[in-house]
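Protein chains: 2
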Amino acid sequence: MHIEVLLTGNEIMSGDTVDSNSSKIAHHLSKLGLIIKRKVTVGDDQKLLENELKEMTSQADLIIMNGGLGPTVDDLTAEVVASVANVKLVEHSEAIQHLNDWCSKRNLSVNRANYKQAMLPENCDILANPIGSAVGFIVQIGECTLMCTPGVPGELVPMLDIIVERLNEKNVYSGSKILRLQTFGMGESTAQQLINDKIESWPDEVSLGFRASLPQLEIKLTISEKKHLSALLSCKEMVCELLGAHVIGEGETRLAEEVLKLLSEKKATLTTVESCTGGLIASMLTKESGASKAFHSGLVVYSDEMKKKLLNISQETIESEGAVSESVVREMAHNALSMCSANYVIAVTGIAGPEGGTKEKPVGTVWLCWGTEQNLKSCCLFWPLERTLFQTLIAASGLDLIRRHINNLDPLPNYLMQKVID
Amino acid sequence: MHIEVLLTGNEIMSGDTVDSNSSKIAHHLSKLGLIIKRKVTVGDDQKLLENELKEMTSQADLIIMNGGLGPTVDDLTAEVVASVANVKLVEHSEAIQHLNDWCSKRNLSVNRANYKQAMLPENCDILANPIGSAVGFIVQIGECTLMCTPGVPGELVPMLDIIVERLNEKNVYSGSKILRLQTFGMGESTAQQLINDKIESWPDEVSLGFRASLPQLEIKLTISEKKHLSALLSCKEMVCELLGAHVIGEGETRLAEEVLKLLSEKKATLTTVESCTGGLIASMLTKESGASKAFHSGLVVYSDEMKKKLLNISQETIESEGAVSESVVREMAHNALSMCSANYVIAVTGIAGPEGGTKEKPVGTVWLCWGTEQNLKSCCLFWPLERTLFQTLIAASGLDLIRRHINNLDPLPNYLMQKVID
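Those sequence lines, one after another, are chains D and X.
The numbering used here applies: residue 18 is where the first sequence begins, and numbers increase by one.
The numbering used here applies: residue 18 is where the second sequence begins, and numbers increase by one.
Looking at chain D on its own, in the form it has when it is part of the complex (with noise of 0.2 Å):
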C-alpha cells in the first residue's frame, strides 16, 4: 500500500511549531505494519495545496492529510479537496449535527465561522473528532482514499484509532514487525562495520538501522512479513552476541531506568557527586518515575572550595594533583558514600569548557569513579566536545558503568580509552 501524508500550516513551514502530528500518523498506521512513504509540508496556500494534493491522488493509494480543518480564513482544506475531487462544498448534515452538540454542550451559540466548518466536498464520509469542533472526512479520488485530519496534536490522536480501525476492517495488516535494542557506548559507524565484518549471512528479509538518539544508539531490525520472524529473531541474537555489554535492553529502555531497575532487584541504592556534569546523572535518575527506591541522595561539587568543604577532599589532594584527577574523584566516590549511606556511587569531575582548560588537562578531560565501598574503579576519559553534548555523554557514561559494574559486564566498554584502575 502506497502512502503518502500532506500537511498544511504557515506555522510548520516557518518554523514555529515543530510537527510532531506526523510521527504520530506513522505510529499509528505502523500498528498495521503500514508505511509512510513520502510526506509533504506546504503553507496554508490553495494553490500550492492543489498542485501537491493532484501529485499525490496519482500515485497514492492512501493519502493522510493533515491541518486546515479549523474556521478561520487560511483552513483550506475542504476547498482544496472539492478542486482536486472535482465535487461541490455541499453543508454536511452530520457536521452540522455535531457541530451544535459540539457548542450546547459548551454553552455556545454556532457562529459564522463554525459553519464553514461543515461545508465539506459533497458525498465525504465524515470522521469522528470526539474532542474538537471540526470533523474530518474521507473522499475518494480514483484509485486513492484521501483522509482528512485536524493539526491540533490533541484532536488527531483519537481520529487516527478511528482510521487505523477503519484500515484494520480492510485487512490491510501487512504483519510486519519491528524490533529494537538500545545500546551505549558505540558509535553509529562503529556498529554498522562490526556488523558488516563478522555477521557474513545477514539474511535479505531483515532490514537494519541505526538511530541516534544521544546518549543511546538504537538499532533497528525490521521484517515486512510474518513468516521472517525467526530470520528477525536469529538476527537479533547474532548482533546481542557481537555488541555484547553495549546493548542496554530492547525497545525504549534508558540507561537510567535500567540502571534503578538493577538496583532495586538488589534493594540497593546509589549516589552520585558531580561536578562537571552539575547534577545530571541525578536529573536523569530522577526523571524516571519509582527513581525514590534507589535514589535518595546527591551532591553537586562544582568548585574545589565546596569540594573541600562539603566533601572534606583534603585541600592537600587538590594542590598537589589538581580538582581533576584520580586522587581527588576517588575521595570523592568514598566521601559520598558515606555521607550519603548509599552502596553504589558515581563520581565524576572534569572539565566540561568551553574555558578552564590547561595544557596538562585540556577542556574534555574528566576522571570517573565507580562502584562499591569495597570495589571502586576509576578511569580518564577524553573527550573534547561541546559543553552540553561532553555532559550528556559523561553522564551516560557514568550510569553506565555502573550498569557493567552492577551486571559484572565485561569486556570493557569501548569508548574506555585508558585502563581501567582498581
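The set of hints was computed from the structure by calculation and includes no laboratory data.
Note that the coordinates shown come from a computational prediction; the quantities given were computed from them, not determined experimentally.
One thing to keep in mind: the hints can contain errors.
Remember, identical chains collapse to one label, so a pair may be satisfied in a single copy or spanning two.
[Claimed, not checked] Okay, derived cross-link-like pairs now, SDA-like style, lysine to any residue, Cα gap no bigger than 25 Å in a straight line:
no., residue 1, residue 2
1, K325, G307
2, K278, N425
3, K253, T89
4, K325, E336
5, K283, E333
6, K41, Q233
7, K237, C161
8, K284, D321
9, K378, N360
10, K310, P371
11, K237, T270
12, K194, R271
13, K133, L65
14, K394, N425
15, K71, S358
16, K376, S320
Use these hints to put chain X onto chain D, whose structure you have.
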C-alpha cells in the same frame, strides 16, 4: 527566492524521530527574511530521493537537504546528489583532512565506514562541521544551489550559522526583521488575549506569533520590510510593558542564563537544594558555560532520611508536617545556605508522581523557597502534570522566582496561585 527543503531518514518516516531539524532550518533562514515554500520528506531510498531532488532542482533556487551524510549504508545523500548533478563521487581532500583531524583528536583510528563520508560529488564546496565527523557540502545544479547538511541536530545548528553567513554575503536579505521576546509564567492563550484586549492600535505591518518552547514561551514580532522598523520597536515596547516581569529577555535568552548573569553582576552565589526536581535546577544552571562563577554547589535530597542526615532537617518537622511542607522547605533553604556558603538559594520539595500522592497532598503539590538568609520567601504550587513536564516547569519556576527576587520585580508572576509568604 524559491526555497525548498528535502529531508531524508527512515526514522522520520517511521515516526520514531520527530523532525525538529526543519524548524531549525526555517528559523535560521528567517534571520535573512527567507521563507521555505515546500518541504518533502522521504525514507532512505535512492530512487525516491533522486526523484524528489530532480523535481526540486527544476523549480527551486535553493534547496537545503538534510540527513544521510553519515557513514552507514542507509546514508545516501552524496550518491543521490552526484547522480542528479551527473558528476562522479570522488575522495574530497578537505573532507579527508577533517575526518583525520576529527578521529585523531579523539584517539580513534579512521575506519572504512568513516571514509565513506569523504566520498563527495566532484567539485563540491565544503560546509565545515565543527562537531561531527561528516562535513556538509554545496553543489550547483543548473540554476539551483543545493546545500547538504547533517541530520544530527547538534551538528546541524552550527552549520546553519555558516549557511546563513554565506547567504548573507550574497545579499539575499529581504529587509524583513524578527524580534523575539522570551517569557515565562504566562500561557499562550493568556498572553494572546491580553495583547488583543489591551493593545488597541496594533499595526497591520507587525505580525505577532507565539512559540511554546517549554518551559518558556517565545513571542515573535515580524516585519517584512525595513521601513516598518519603528512600528516593530513600538510593538515590542507595548508588549514588554503589558507582560511586565514575565519577559525574561530578548533573542534566545534562557532563564538559567539570565539568573547567572544577574548573580555575576552582583558577584553573588546561588545554591540549590532539590527534592522532586532531583538535580534538574543544578543541571540547567551548569549547562550554561561560565556557571562556575555563581554556582558552586547544590544538593539533591530525595528521601526523608537524607533530608535529615545531609541537611539536618528535624525529624519532628518531617513527622508533624510532612516532607512536602512550608516548614521543611524553609529549613532546607536555610540549612543549604550555610552548608553551601551561598548568598542565594532555591529549595524545592514536592510530589512529582505518578505515585506518592495523598488526599491532602496530591501529586503535583510542591513547596518552593527562595531568596537570601535575611529574606527568604516561600510558596506552594499545585501543578498536577505528567512527571517530567512537572519537573521542567517547577525547576524553571525556581529559577524565575530567583530572577524576580534579585531584580525586585513585581507584581507576582501569573502562575503563583497562592500568596507568597515572607
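Which hint numbers doesn't this structure obey? Violated: hints 5, 7, 9 and 15.
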